[in-house]
Amino acid sequence: MATVSLKTLQKIYPNGFQAVHGADIEIADGEFIVLVGPSGCGKSTLLRMIAGLEEITSGDLLIGDRQVNDLDPADRDIAMVFQNYALYPHMTVYNNMAYGLRNRKISKENIDKSVREAASLLNLAEYLDRRPSQLSGGQRQRVAMGRAIVREPALFLFDEPLSNLDAKLRNQMRIEIRKLQRQLGTTSIYVTHDQVEAMTMADRIVVLNAGNIEQIGTPDEIYHRPASVFVASFMGAPAMNMMEGKLASGGIEIEGVGLLKSDHKLDANSNVSVGVRPEKVKLTTKANGITQPFIHDFTEELGAARLVHGRLGNKPFVVNLHQEDEVPQGELYATLSPDTLHIFDTETGKRLR
Amino acid sequence: MAVTDTFSTSPPSPAVTTKKRFRLKRETVVDHAILILGALFMLFPVVLTLMTSSYDNLAFARSGLQFGWSDQFLENYERAMFETSGFTGQIDGLSMLKNSLILGFGFAIGKIAISMLAAYAIVYFRFRFATLSFWIIFTTLLLPLEVRILPSYEVVQGLGMGNTYGGLIIPLIASATGTFFFRQFFRSVPEELVEAARIDGAGPVKFFIDILVPLSKTMIAALFIIMFVYGWNQYLWPTLITTDEGMFTLVRGIKNIIQSFTDSSSVPEFTVGFALTMITMLPPVLIVIFFQSWFVKGLTESDK
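Those protein sequence lines, which keep their order, are chains A and B. Take the first sequence: its position 301, counted from the start at 1, is 969 in the numbering used here, and no numbers get skipped. Take the second sequence: its position 23, counted from the start at 1, is 24 in the numbering used here, and no numbers get skipped.
Rather than coming from a laboratory, the hints here were simulated on the basis of the structure. Since this is a predicted model, take the numbers as computed values, not measurements. One thing to keep in mind: the hints can contain errors.
[Unchecked claim] In the DMTMM-like style, the derived pairs of lysine to aspartate or glutamate whose C-alpha atoms are separated by at most 25 Å in a straight line are:
| no. | chain 1 | residue 1 | chain 2 | residue 2 |
| --- | --- | --- | --- | --- |
| 1 | B | K207 | A | E723 |
| 2 | A | K675 | A | D738 |
| 3 | A | K773 | B | E196 |
| 4 | B | K207 | A | D740 |
| 5 | A | K773 | A | D738 |
| 6 | A | K950 | A | E994 |
| 7 | A | K773 | B | E193 |
| 8 | B | K207 | A | E820 |
| 9 | A | K948 | A | D862 |
| 10 | A | K954 | A | E992 |
| 11 | B | K207 | A | D738 |
| 12 | B | K207 | A | D797 |
| 13 | A | K983 | A | D931 |
| 14 | B | K218 | B | E193 |
| 15 | B | K207 | A | E777 |
| 16 | B | K207 | A | D745 |
| 17 | A | K773 | B | E246 |
| 18 | A | K776 | B | D211 |
| 19 | B | K207 | A | D743 |
| 20 | B | K207 | A | D780 |
| 21 | B | K218 | A | D797 |
| 22 | A | K781 | A | E794 |
| 23 | A | K836 | A | E820 |
| 24 | B | K207 | A | E722 |
| 25 | A | K983 | A | D1007 |
| 26 | A | K781 | B | D211 |
With the sequences and hints as input, model every part of the structure.
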C-alpha cells in the first residue's frame, strides 16, 4: 500500500511521436484511479510507464517515497492484470499464482499459504490443479487477479482487464474487482475505454485525450462539472447536447435557435459552446421564458428511459425522459433551465461556467 | 411394407446398426487399396532384407535374395553385433551403434539448442542488425555441408578435431531451418507473456527456461524426429572426418563390414551385412514411433 505520484511524466517514442505530454497525478493511499479516454489517448502507455514496461522519457515517478523511474518492473512492488490475462498456458492455476513468489525466493510454506488464501478469496480453490485452457473466461480473469494479489504489492495495475468478457460477466467482475480492492485496500490504477466502468469503479477518474490530461476528478465532478468540451462529450451516454453560440447579455445567442437564458457574468461577444445533459431537459407544451421550441423526430424506447430525438431550430437535440414521463402531445417546448447549461470557450475548449 | 415395419418396431435391432456402421463407400475401398499397395511396395525391400538376413552366406552367394526363413538368423545378428572386424579388429556392431547414437542425439540436441538460442536472441532482444543477422543465418540454407565440405574439413582438421565426437557433431549443428521455425513460433507467443514474466521477476534466462522451452515442446519434439533421423543417416561427413575405425558409425560401417569380411574369407558375408542393415534401421524407427505419440498429444492438447 502506497501513494503514487506522477510528476510531469512524458513519453516520446524513438520515432518522435509524443504519446504522453507531461502527466501530473497525485494518488492517495488505497485510492482507485481510473484512466479513461478514447483509443490512442495514451492511457495504456501511461500505465505501462508506471509498470516499467515502457521507459519514462522525462519526469518523475514515485511509488511510496521511492523514485522508481529506472527500476525493473519486478522491483517496483507492483502487480499487473492484462487484457488477455497473459496466464502461463503450460502451468496449473496454482503454479501461475506461485511463479512470481518462487522467483522472489519465498519459502514453500509461505507460497502455499498465500496461494491458497488468494484462491479461496477468489473462489478458485477447486481449480488449482487445472490449466488455464480448462477454465472459462471469468475464471481466467480471476486467476490473473489471483496472480496479482498473492504478491501483496503496493500497487495494482489493470490494463482493460474486462474487455475480453461478455457484457453480463463484465458487470459481475466489475463489482468483484471493486469489492476486492476495497477489502485489500491496495492502491489501484485501472485503464479502460468504457465510461461505465470508469464512472462505477473509480474513486477518481483521469480523463485523457491525445496524451493530455483533460480532467482529474471524482465521477460526480467529471459528470456534473466537466472541465472541457472533450470531457463533457466523452463522458455520459447519451452524449451531452452541444451547440455553438455567442455570449450576449442575459444569455447565449445561438444561431438558428435563439437566446438561451443564462445569468452568466462573462464578457459578451466571445464564441462559446453550450452543453446540456439530455436528462436535464424537460419537455412541455407551454412556452415560458426558459423554453425553446422542440421539433420531435422519433423516440427510442430503452425500457428504463426513453430517448426523444429532435431538433432545436436546426440543431439536433436529444432529450432523455424517465420511463414514467410520456412525450406530451401537440406543440413541444424544451425547458433549458439556466443552471443546467455548461458553457465552454470554443477556442480552448475549457469550461467557463 | 418394410417402411411401416421399421416404424412399428421401436427399438432398432443391433444388427441393423452394425450393418450401417460397416457399410463401406466405394471411394474408401479404393483409397485403402492404394494405401495398402503403396505400403507393401515400400515395405517389400525391408521384408526381403529381413528374410535374407536369416540365411547363411552360401545360400546368398548361390541364389541371391531369399524369400522364406532359415536357421541362421540369431547367428548372423550375433556376428553383426559382436564380431570384431576391420584392419585393427577393434570395431564391432555394438560400438558402431554407440557411435551412431552419439552422433544422432548430439546432432539433434545440438541443432535444437543452437537454433532455439539463436531464435530467442533474434526475437526477444533488440540489438543492432538483428534482422540482418537473421537473414545471414537464413542464407546459409544455400550452403549445405556438401558445398562447403573441403573448407569445413580443413578447419576441423586444423583444430585437431579429426576422429573426435566433437569434430563429428559440432560442424553440423548450425541450423537455419531450425532457427527459422523457432523464430516463427516465438513471434506467435503473446507479448503480454513476456511482460507478465518480467513483472513476476523472471529474467531473460528464467523466462527462456520456465516459459519458452515448455511452450515449445511440441516444436522441439517435431524437430527432434527430423534432426535425429537426419543426423543418423549422415554418411559423407563421418566418412571424411573419422578415419579411426573405432569412430565408425553404423551407416558407414555396413559397407566396411562387408568389405573386410570379403577380404578375409572365401564367401562374401553378405547376410551378416543384411543383419547389420536391419539393426541400423531400427533406432530411427523407434524414435519416430516414440516421439510421434508425444507430438500428436501435444498438438491436440493445444496449450497455446
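How the hints compare with the structure:
1. B:K207 x A:E723: holds, 22 Å
2. A:K675 x A:D738: holds, 15 Å
3. A:K773 x B:E196: Roughly 20 Å between the alpha carbons, so the hint for K773 of chain A and E196 of chain B holds.
4. B:K207 x A:D740: Between K207 of chain B and D740 of chain A the Cα gap is close to 15 Å, so the pair holds against 25 Å.
5. A:K773 x A:D738: holds, 23 Å
6. A:K950 x A:E994: Holds, at roughly 11 Å.
7. A:K773 x B:E193: holds, 23 Å
8. B:K207 x A:E820: Holds, at about 22 Å.
9. A:K948 x A:D862: holds, 23 Å
10. A:K954 x A:E992: holds, 19 Å
11. B:K207 x A:D738: Holds, at roughly 21 Å.
12. B:K207 x A:D797: The hint holds at about 23 Å.
13. A:K983 x A:D931: holds, 23 Å
14. B:K218 x B:E193: Distance of about 20 Å is within 25 Å: holds.
15. B:K207 x A:E777: Since the Cα atoms of K207 of chain B and E777 of chain A sit roughly 22 Å apart, the hinted pair holds (cutoff 25 Å).
16. B:K207 x A:D745: holds, 19 Å
17. A:K773 x B:E246: violated, 52 Å
18. A:K776 x B:D211: holds, 18 Å
19. B:K207 x A:D743: OK: K207 of chain B and D743 of chain A at ~16 Å, within 25 Å.
20. B:K207 x A:D780: holds, 21 Å
21. B:K218 x A:D797: holds, 20 Å
22. A:K781 x A:E794: Status holds; Cα separation ~15 Å.
23. A:K836 x A:E820: Status violated; Cα separation ~29 Å.
24. B:K207 x A:E722: It holds: about 21 Å lies between the C-alpha atoms, which stays within 25 Å.
25. A:K983 x A:D1007: holds, 21 Å
26. A:K781 x B:D211: holds, 22 Å
In the structure shown, a violation is registered for the earlier hints numbered 17 and 23, in ascending order.
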